[in-house]
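S.K.: Listed below are the residues making up each chain.
Protein chains: 2
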Amino acid sequence: MKILTTIDEVRVASSDISKAGKTIGLIPTMGYLHEGHLSLFDNANEHSDITFASIFVNPTQFGPNEDYNKYPRDIDRDTELAEEHNVDYLFIPDALEMYPIGFCATMYIRNLTDKFEGQLRPGHFDGVALVVCKLFNIIRPDYAFFGQKDYQQTLVVKQMVKDLNMDTKIIVSPTIRLDSGLAMSSRNTYLSDEEKENATVLYYAMERAKDAIDNGERNRKEINAVLHKQLRSVQGIRIDYASIALANDLSEPDYFYPNEQAVILLAVYIGKTRLIDNFLITFQ
Amino acid sequence: MKILTTIDEVRVASSDISKAGKTIGLIPTMGYLHEGHLSLFDNANEHSDITFASIFVNPTQFGPNEDYNKYPRDIDRDTELAEEHNVDYLFIPDALEMYPIGFCATMYIRNLTDKFEGQLRPGHFDGVALVVCKLFNIIRPDYAFFGQKDYQQTLVVKQMVKDLNMDTKIIVSPTIRLDSGLAMSSRNTYLSDEEKENATVLYYAMERAKDAIDNGERNRKEINAVLHKQLRSVQGIRIDYASIALANDLSEPDYFYPNEQAVILLAVYIGKTRLIDNFLITFQ
Chain Z
550 MKILTTIDEV
560 RVASSDISKA
570 GKTIGLIPTM
580 GYLHEGHLSL
590 FDNANEHSDI
600 TFASIFVNPT
610 QFGPNEDYNK
620 YPRDIDRDTE
630 LAEEHNVDYL
640 FIPDALEMYP
650 IGFCATMYIR
660 NLTDKFEGQL
670 RPGHFDGVAL
680 VVCKLFNIIR
690 PDYAFFGQKD
700 YQQTLVVKQM
710 VKDLNMDTKI
720 IVSPTIRLDS
730 GLAMSSRNTY
740 LSDEEKENAT
750 VLYYAMERAK
760 DAIDNGERNR
770 KEINAVLHKQ
780 LRSVQGIRID
790 YASIALANDL
800 SEPDYFYPNE
810 QAVILLAVYI
820 GKTRLIDNFL
830 ITFQ
Chain D
550 MKILTTIDEV
560 RVASSDISKA
570 GKTIGLIPTM
580 GYLHEGHLSL
590 FDNANEHSDI
600 TFASIFVNPT
610 QFGPNEDYNK
620 YPRDIDRDTE
630 LAEEHNVDYL
640 FIPDALEMYP
650 IGFCATMYIR
660 NLTDKFEGQL
670 RPGHFDGVAL
680 VVCKLFNIIR
690 PDYAFFGQKD
700 YQQTLVVKQM
710 VKDLNMDTKI
720 IVSPTIRLDS
730 GLAMSSRNTY
740 LSDEEKENAT
750 VLYYAMERAK
760 DAIDNGERNR
770 KEINAVLHKQ
780 LRSVQGIRID
790 YASIALANDL
800 SEPDYFYPNE
810 QAVILLAVYI
820 GKTRLIDNFL
830 ITFQ
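First to last, the protein sequences are chains Z and D.
All you need for the working numbering is the position in the first sequence, starting with 1, plus 549.
All you need for the working numbering is the position in the second sequence, starting with 1, plus 549.
Rather than coming from a laboratory, the hints here were simulated on the basis of the structure.
Don't take each hint at face value.
Any copy, or any two copies together, can satisfy a pair, since identical chains are not distinguished.
What the hints assert, rightly or not - Here are the computed lysine to aspartate or glutamate pairs in the EDC-like style, where the Cα-Cα straight-line distance is at most 20 Å:
| # | residue 1 | residue 2 |
| --- | --- | --- |
| 1 | Lys571 | Glu756 |
| 2 | Lys698 | Glu771 |
| 3 | Lys568 | Asp716 |
| 4 | Lys664 | Glu801 |
| 5 | Lys745 | Asp598 |
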């Protein structure tokens, strides 16, 4: 595995790979790798000739009161894991390499970003779209792999790629979970053992909502009520949102119709840690 | 010359050209071609193997009270001129091909766009950056050619290319003028003969400012006073701005120092027609 830290090095590598007629699969990450990322590496190895991963804790996607500085980092361990999972090139730029002095560009994806995560984390998806756009232009991947865990992010990235006529195919892989149902996340490291136990309520609540839907419930407010009731069974939980929406544009109709694909979206605080999760459902 | 109207056609053509190891030069235009555009075509023919031009009156760069609908169009004449000037591919998409229903992306280049044209035409440069980004991603040019006439635009495009790590080199060609000094512009077609005569005051005013600078003037306000005084010699003229600024970032110091490159920027109404012009000066 080659470790690259400058944009110029990446351009040379990417250009050589393309000239050799080989395809590039990219997994953009913020590091502190877990099973979710590793499954994306494996997925990229299957889909493409060369697997590129990036580790960059992107400052532009953190709000002023968010955890940019304390976001967990462990480059040595990440490097080992990437190598074990057959990553060919690991791009680890520093912040000034990506955002030099005098940087001026911002990007904004309307509509999709003004609700759920976007509403609660203003500017978050602007930063995500910006850094993904930059990484795609630098690495020029044929495929890029994202986890379903950040569901709204996958919609934003797909919309950006479409609207800006970028030439990278976005592939979304299922969320990887512990046996308890807890979705893998770098932020799980913030949780105490008790909080980890409490955090299983996210998956449990989505399963109960799915039961209700399987039993014929199609009223959005009723489904959301099931989610809120289950989540509130954990003392001290704080719910940012717990809602079902249409999967393609996150709009929220009063009723769902047969064959509509929907997504349950959760964001809750367990202690001081904010966790998100989601679940795709096709109405029968 | 091949005329292409869909993005898919362009992608195929561009990919074939690249595979053949040939370079692409792009001239993005809004059509109603004049000598200025034609000089860019000639320039592209010299620099690159294949010359691509686009004609697209881009709705996102017009404000709600601007001249999008009445912007002059003459596709037949443009097509002839492009062919005469050895354009190889002419891309003429319609608005829905570039901005399909559900389009969400916006782009914003801070600092550079909050003064002069950007301040007076809010959103204008956002639309320019967006459409240029799209055209670059669709056509994948090695070089793109812009006229110095839209000086601030060239800075915005260069900044976008740098910040988004795009792989196209921007080449700026000198403004083409009538013998009278009037800069070539599609909007000149709005001018009556008398207004065309009055419009020569733009170039004249910049020459007088240059005289003052050649005679040792380095005080910004004094230089601006020369510009305003000359422009006001035309009755009924309305000045949006007439200022000298640093050429690289359009900042406005009180004094200019030796070896600093500056730009005189003008935007004035002659009758109902808004004209812009500029002039680069290196202080001695």
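S.K.: Next step is simple, just say for each hint if it's right about the structure.
M.R.: Hints versus structure:
In this homomeric assembly, Lys571 and Glu756 never come within 20 Å of each other (Cα to Cα): the closest approach is 42 Å inside a single copy and 56 Å across copies. Proximity of Lys698 to Glu771 under the C-alpha cut-off of 20 Å is found in neither arrangement, the shortest distances being 24 Å within a copy and 60 Å between copies. Proximity of Lys568 and Asp716 under a CA criterion of 20 Å is satisfied in both settings, with 17 Å inside one chain copy and 16 Å between copies. In the homo-oligomer, the alpha carbons of Lys664 and Glu801 lie at most 20 Å apart inside one protomer (10 Å), although the nearest pairing across protomers, at 40 Å, exceeds that limit.
When the C-alpha separation of Lys745 and Asp598 is checked against a cutoff of 20 Å, the pair qualifies neither within a copy, at 38 Å, nor between copies, at 61 Å.
Violated hints, listed in ascending order, are 1, 2 and 5; each of the other numbered hints is respected by the structure.
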